[in-house]
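In this note's numbering, the protein residues as written are 1 to 85.
Fair warning: there could be bad hints in the mix.
What the hints assert, rightly or not - Distance ranges between label pairs, derived from CB positions:
no. : residue 1 : residue 2 : range
1   : 34        : 83        : 18 to 28 Å
2   : 76        : 53        : 33 to 43 Å
3   : 41        : 70        : 19 to 29 Å
4   : 46        : 69        : 30 to 40 Å
5   : 5         : 82        : 25 to 35 Å
Hint data in this document are derived by calculation from the structure and do not stem from the laboratory.
Glycine is no exception: its CB is placed at the ideal position from the N, C-alpha and C atoms.
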Amino acid sequence: MECSQGRSGLHIWEDYFLPEIVEAETGRKLPYGEEGELVFTSLTKEAFPVIRYRTGDLTRLYSEPCVLRRTMARMERVKARIDDC
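My request is simple: use the sequences and hints to build the entire structure.
See below:
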């Protein structure tokens, strides 16, 4: 979800998903702020868990609070798809 006033990226509900950015070619985890492939791990699904789902989307994650002081991780809008590059 994106803050209606802040418009500083899409918030990720970290109590439900673990977001990561990885290098597309190697799968190596990248630090916040670097561009790479978005990967999600579901933290709450019990019967059919999603473990490290590679989305194929190129984006960045940010850890600092948004302008409204929400502290959940934020992602930029998707820049491209891995298979489009």
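For each hint, the structure was consulted:
no.	hint	result
1	34 <-> 83: 18 to 28 Å	holds (20 Å)
2	76 <-> 53: 33 to 43 Å	violated (19 Å)
3	41 <-> 70: 19 to 29 Å	holds (21 Å)
4	46 <-> 69: 30 to 40 Å	holds (32 Å)
5	5 <-> 82: 25 to 35 Å	holds (32 Å)
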